[in-house]
Amino acid sequence: MVRQPLTPEQIEAGRRLGALLRHARGGRDLAEVAHAAGISPETLRKIETGRLPSPGFGTIVSLGEALNVPVEELAATWRGSHLPLEAVS
Numbered sequence: 001m002v003r004q005p006l007t008p009e010q011i012e013a014g015r016r017l018g019a020l021l022r023h024a025r026g027g028r029d030l031a032e033v034a035h036a037a038g039i040s041p042e043t044l045r046k047i048e049t050g051r052l053p054s055p056g057f058g059t060i061v062s063l064g065e066a067l068n069v070p071v072e073e074l075a076a077t078w079r080g081s082h083l084p085l086e087a088v089s
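My numbering numbers the first residue of the sequence shown as 1 and each following residue consecutively.
Quick caveat, the hints were computed from the structure, so don't treat them as lab data.
C-beta: ideal position from N, C-alpha, C; glycine also.
Take these hints with a grain of salt, some might be off.
Using C-beta positions, here's what the derived DEER-type ranges look like [as the list claims (entries may be wrong)]: (1) Val-2 / Glu-65: 29 to 35 Å; (2) Gly-80 / Gln-4: 35 to 41 Å; (3) Glu-9 / Phe-57: 35 to 41 Å; (4) Met-1 / Arg-28: 17 to 23 Å; (5) Ala-76 / Val-2: 26 to 32 Å; (6) Thr-7 / Pro-41: 26 to 32 Å; (7) Ala-31 / Glu-9: 29 to 35 Å; (8) Asp-29 / Met-1: 34 to 40 Å; (9) Asn-68 / Arg-3: 19 to 25 Å; (10) Arg-79 / Gly-26: 21 to 27 Å; (11) Met-1 / Glu-32: 23 to 29 Å; (12) Gly-38 / Pro-5: 16 to 22 Å; (13) Leu-30 / Val-61: 33 to 39 Å; (14) Thr-59 / Gln-4: 18 to 24 Å.
Starting from the given sequences, assemble the full structure and let the hints guide the process.
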């Protein structure tokens, strides 16, 4: 199965999500948060930098729990429907 390339909108959504997660992590160690979410530090790094703009639902749920960010807020950020991202960028 050939994977369709991501659209510019999907790439931007991934950047917004990554910025929110990076902001929510604050001063916590990346490896500590990744471990708490059950993912590798490299996966979290890729999500935070927008290099993995479309992570799996379970990954997002786990990160939300590890960072105490509601899934609804993560979804709204990904959709772009909740944009005071000045604090996140």
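Unmet hints by their number, sorted upward, for this structure: Numbers 2, 3, 4, 9, 11, 12, 13, in rising order.
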